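Going down the list, the sequences are from chains U and P.
Going by the working numbering, the first sequence runs without a break in its numbering and finishes at 513.
Going by the working numbering, the second sequence runs without a break in its numbering and finishes at 156.
Simulated from the structure, these hints should not be mistaken for laboratory data.
Every value quoted in this text rests on a predicted model; they were computed, and no experiment measured them.
One or more hints might be untrue.
Stated by the list, open to error - Computed list of lysine to any residue pairs in SDA-like fashion (alpha-carbon distance at most 20 Å, straight line):
#1 P:K134 to P:F124
#2 P:K134 to U:L366
#3 P:K122 to U:C365
#4 U:K378 to U:K419
#5 U:K412 to P:A34
#6 U:K412 to P:N53
#7 U:K419 to P:K134
#8 P:K130 to P:R143
#9 P:K122 to P:G110
#10 P:K78 to P:G68
#11 P:K122 to U:K419
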Amino acid sequence: MNNQVLTTIASLISLLGICYLFFWRYRAFELAWFRQDLFCLRDELFDFAASGKISFDHRAYGVLRSCMNGYIRYGDRLTIWHGFFFKLCAIGAKRPSVTFDHVWSHAQKGLDPETKNELDQLRNRMERIAIRHVLVSAPEGTAILLPPLFLVCAVAVAIKLREAWNLRENVSELDNTAYLFGDELAAA
Amino acid sequence: MAKSNAELRAENTLLRRANTSIGITSIFNNLIRYGALVLIFRYGYLSIDSLSGKTTLASVGINFLANITVSQAVAYILGAGGLTYGAVEHGLRKKTIKRFKNRIPKLEAKIDSGRTSSRLNAKGETHPRDQA
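In isolation and in its complexed conformation, chain P is listed as follows (with noise of 0.2 Å):
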């Protein structure tokens, strides 16, 4: 289906705005992830300013985060993140292994006839009857 110029120009001004708007996106996007991370230190540089006694834990922010329930809470929060995305990850790649072991063999197996298989399981994990 061939298409009209106006069809074509009309399509090319979308795709232009489009990447006008993934610039500004990514732009935004990096002021917010590195926004967070210079609000952290300067909140980490105003807490060992203290330390040296130039200023005082007197910042609302400072004084929230020296908190000894704040302090438990986020750790629990930052480790209970880190295992579940260890968890999500590692489920993520088995269904990728899955994917992939049910394909290959079968392409493989049109090459060469006689090729021989690791006998893993469908998730790439020990097979039951293989295990000590």
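In isolation and in its complexed conformation, chain U is listed as follows (with noise of 0.2 Å):
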């Protein structure tokens, strides 16, 4: 009997370390990843910059650093978790008409192809940086709320209820959030 109790209190101990890991430890850790690649990735805008290819008072050059910074600095907010919260809040609720990609393609008016590419793929990092940090900074939510999500949407467009489920509508609306928040950065 004694030996039971002390296996189970062996197990309690060991169940409240991987608890510490899993709920503390590894968010920090994903979270410090998510800013580090991003912090990289500002670099490289930076330098892109600092090359002459495009001005540092450039909009186009303006607006993507707003959008790195909203997401360096609320990227504890950005969880599987509050996307859904953010998404049943969020009902309802009318959307600004000037959406970061309307922003986006407004401030690259004018520029060489060759620049516009060049910044155009350093968007598209931040955004698969910001795909993997909402999947993997919460794997339980990931895991809880993504396959009957997708059973929904799957359900959902066979019955012919809504169009195809859009990854890029999605990340739009992150990345408007995003910079909505660095804009106000930039503003403060």
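Build the complex from these two chains, which are given one at a time in their own frames, with help from the hints.
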């Protein structure tokens, strides 16, 4: 009996350690990883401007940097749980007609195709980093939410209740929010 | 590009809703985290209770945790998790050093042209030619 109790206590101590690793250390690490990748990307954007390919005062440079700053500062609020509850809270809210895509294409006007292409690549990389972060920052959320979400979407598409789920649209919404927060920072 | 009143109002609504959702998520996250801790402490309490003879180890959860194989498996998972965490955290630190090592010397050299270097490698480790 005593051995059984001691084994139970040993199991509980190990579980406590796993909880600490998973809910505290892993999340802090993942956030640091996300920010580190974005810092590297922002450095690349800076070097790109420093090489003279685009001016530091150019709107496209400012817009992309603001968006990256928004992601870096508020990365801790970018888990799948945040996305889920944001979607619920934003039901019925009027979306701003000027989206990040809109601002981005406007800001890129007049740039030569090569510069435009390089900036687009930086934006795509930023989005890939953001998607990875959303999916892995709270793995329990991804495991719980994604399978039923895909199922519901698949059923909705099958019975033609809605159009196919558009990843691009959802990523743009992430960019919109990051840019809104990043833009606020620039204005502050 | 000046924003219209309606545009600013829509942005404001979205930011406020985002803040509400952040509050809800924060509460939810804390419920998951601390809920797990409460559950563990509850089982700890029950097992100590059974040690004093007040209750038995009849509970399904406690019986499961009292299994030596389960206990060892959980300990291995903790050990492997800890080691993996240490290794990846170390890798991230190296990556951060590498990022600074490339930029700081360039910027400092602009202010101090005679700036000397410790001559560590890009990851902040002893340079191979300096190794004993």
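Legend entry - Enumerated hints in conflict with the structure, sorted upward: Numbers 2, 4, 7, 11 - these are the hints that the structure violates, sorted from lowest upward.
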